[in-house]
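Go by the hints and put chains B and C onto chain A.
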Amino acid sequence: MGGNSLTMKICTLMGALAGTLLFLGIWPLAQMFPPLPPSMPAAQVADFYRAHQTGILTGGILIAASSPLFFPFAAAIATFLKKIEGEHAPLTLAFLMICAAGFVTVFLAGLFFTVAAYRPDYPDTTIAIMSDIAFFLFVMPAVPAFVQNIVTGIVILGDRRAQPVLPRWLGYMNLWTGVLLLPGLAVGLFKVGPFAWNGVLAFWVPAVVFAIWFNLMIVAMLGAIRRDALTQA
Amino acid sequence: MNEEAIHPPRRAARGHVPGEEGVWVFIGGDLVAFAIFFMTYAVARRQEPALFDRAQALLDRGLGLLNTLLLLTSSLLVAQALAAVRRDDRRARPLLLGAMALGTGFVIVKACEYSAKIAQGFTLNSNDFSIFYYMFTGIHLVHVLIGLGVLAFAVSRFDNRGALRGGIGVIEGGGAFWHLVDLLWIILFALLYLV
Amino acid sequence: MSRRLTLIWALLVAATLLSFETMGLGDARIGGALILLLAFAKVLLVGREFMELRHAPLMLLWLFQGWVAVTGAALACLLIF
Numbered sequence: 001m002g003g004n005s006l007t008m009k010i011c012t013l014m015g016a017l018a019g020t021l022l023f024l025g026i027w028p029l030a031q032m033f034p035p036l037p038p039s040m041p042a043a044q045v046a047d048f049y050r051a052h053q054t055g056i057l058t059g060g061i062l063i064a065a066s067s068p069l070f071f072p073f074a075a076a077i078a079t080f081l082k083k084i085e086g087e088h089a090p091l092t093l094a095f096l097m098i099c100a101a102g103f104v105t106v107f108l109a110g111l112f113f114t115v116a117a118y119r120p121d122y123p124d125t126t127i128a129i130m131s132d133i134a135f136f137l138f139v140m141p142a143v144p145a146f147v148q149n150i151v152t153g154i155v156i157l158g159d160r161r162a163q164p165v166l167p168r169w170l171g172y173m174n175l176w177t178g179v180l181l182l183p184g185l186a187v188g189l190f191k192v193g194p195f196a197w198n199g200v201l202a203f204w205v206p207a208v209v210f211a212i213w214f215n216l217m218i219v220a221m222l223g224a225i226r227r228d229a230l231t232q233a
Numbered sequence: 001m002n003e004e005a006i007h008p009p010r011r012a013a014r015g016h017v018p019g020e021e022g023v024w025v026f027i028g029g030d031l032v033a034f035a036i037f038f039m040t041y042a043v044a045r046r047q048e049p050a051l052f053d054r055a056q057a058l059l060d061r062g063l064g065l066l067n068t069l070l071l072l073t074s075s076l077l078v079a080q081a082l083a084a085v086r087r088d089d090r091r092a093r094p095l096l097l098g099a100m101a102l103g104t105g106f107v108i109v110k111a112c113e114y115s116a117k118i119a120q121g122f123t124l125n126s127n128d129f130s131i132f133y134y135m136f137t138g139i140h141l142v143h144v145l146i147g148l149g150v151l152a153f154a155v156s157r158f159d160n161r162g163a164l165r166g167g168i169g170v171i172e173g174g175g176a177f178w179h180l181v182d183l184l185w186i187i188l189f190a191l192l193y194l195v
Numbered sequence: 001m002s003r004r005l006t007l008i009w010a011l012l013v014a015a016t017l018l019s020f021e022t023m024g025l026g027d028a029r030i031g032g033a034l035i036l037l038l039a040f041a042k043v044l045l046v047g048r049e050f051m052e053l054r055h056a057p058l059m060l061l062w063l064f065q066g067w068v069a070v071t072g073a074a075l076a077c078l079l080i081f
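Residue numbers (our numbering), protein chains in the order written: chain A, 1 to 233; chain B, 1 to 195; chain C, 1 to 81.
Okay, chain A solo, but in the shape it has when bound (with noise of 0.2 Å):
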């Protein structure tokens, strides 16, 4: 099966390709990380967006191309699910609908990023709300992305096999990651402190664990395909 793992290797790494990507469009180009403050006035977010307007653009389209390739990635980590799973599996098909759902927003907040930066001369307000609404975007995921982690530690840890197709730690690492990205839910209703968007228990806390959890998946799946689990029974 060389060649089907091949294509798992690139699925794979596509997700490595598309955080590279995400991270590029949101830190050095658009100078979004760490987010603008909640609470920062109306004016001086539309000047932030007027003097940025450039690297705001360009990171608009990195964010915007980013959100496709996880989808294979995504697609990747389905095939290991489905693997442990067998014939049915729900909560392969869950995963997969909450991931599209949830990745599908890092596109659109590319798009209200480019949105704001597009027209200089809109009213301040105008500018602010499409920033917020990116912001809104980026952050609130959390939810979908604590029910993905769930089932994914579920599907995991579920597995029989006396040896794991992934293996049993990433399962525990799952549930970690779902329940620390939790704060993320409540962003609406803050505009400072800890869980604002920007921060430390609603964002970096977050931002942090989604990291980590995105690098160990990457290692964890690329060696089970080194190994090649999916051949086994």
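Heads up, some of the hints might be wrong.
Straight line, CA to CA, 20 Å or less: simulated EDC-like cross-link-like pairs of lysine to aspartate or glutamate [unchecked claim]: (1) A:Lys191 - B:Glu48; (2) B:Lys117 - B:Asp128; (3) A:Lys83 - A:Asp132; (4) A:Lys83 - A:Asp228; (5) A:Lys191 - A:Asp124; (6) A:Lys191 - B:Asp128.
If you anchor each label on the Cβ, the simulated ranges turn out as follows [unchecked claim]: (7) C:His55 - B:Thr123: 39 to 49 Å; (8) B:Asp60 - A:Gly55: 15 to 25 Å; (9) A:Gln44 - C:Ala10: 56 to 66 Å; (10) A:Gln163 - B:Thr123: 48 to 58 Å; (11) C:Leu58 - A:Tyr118: 52 to 62 Å; (12) A:Arg227 - B:Leu97: 37 to 47 Å; (13) C:His55 - B:Ser156: 50 to 60 Å; (14) C:His55 - B:Val32: 16 to 26 Å; (15) C:Leu58 - B:Thr123: 46 to 56 Å; (16) B:Arg87 - A:Leu24: 52 to 62 Å; (17) C:His55 - A:Arg227: 29 to 39 Å; (18) B:Ser156 - C:Ala10: 25 to 35 Å.
Pulled a few chain B residues facing chain A out of the computed Cβ check, cut under 8 Å [stated by the list, open to error]: (19) Glu21; (20) Val25; (21) Ile36; (22) Phe37; (23) Thr40; (24) Leu58; (25) Phe122; (26) Asp128.
Worth flagging that the hints you see were computed from the coordinates, not collected in a lab.
Idealized CB from N, CA, C, for every residue including glycine.
Chains B and C in isolation, oriented as in the chain A frame:
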């Protein structure tokens, strides 16, 4: 399930990891995250000590105490259940069911406490303290609910006669998670209700 | 039933009730320090006895005890001083 003996693990000079090692990835990760939660709270409290004192005084400390006792006792029953499994004692399953009943009691008390607080106008966005109160206890409550699921799964590992099928690792690992829930509440109770 | 476990539980309950009574001490600082000390002593007991970390490999045991010490000390510094 690995078919390890149901009997006490033979302990080499040092070192039996309770449950499978992966459980400790979760527990360790959770402890680090909650340490960050606690620090965030302490830093915020330093900035407005008077407001935090006033808001804390509004909490029902009696209910907090009751919940602490519920979780401590529940933890004891889980620890006793593990000891019973090792002795091949058939009381392990009823002990786990008892622990689940006490855990459910915790959830009910918490629900009453939340509704009483909301009725008094003490809501999520009332002040900086109430944000921490609801978010931390809410995240902890998610842990309690997951823990109840884990205990239910552990109970399902016994056959009708009350003997454990499969390895003891499920009971050890699930128990360790339930003690984590207890441990985090001990600190939350001290921080939010008492200090 | 294991007597050791029951004894640990009794200690935990006693420490809980004791920390509940510190309000009567008057001085908020001493009370606060005592509450934190009791809370982290309870955490140590739960970890070592109920979680069975006292039988665990030394690295796991000391990772846990280190967490208790660092978290407890940091909270004490932030809340009391």
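Open item on the list: Tell me the hint numbers this structure goes against, listed in increasing order.
Closed with: The structure breaks hints 3, 8, 13, 24 and 25; every other hint is satisfied.
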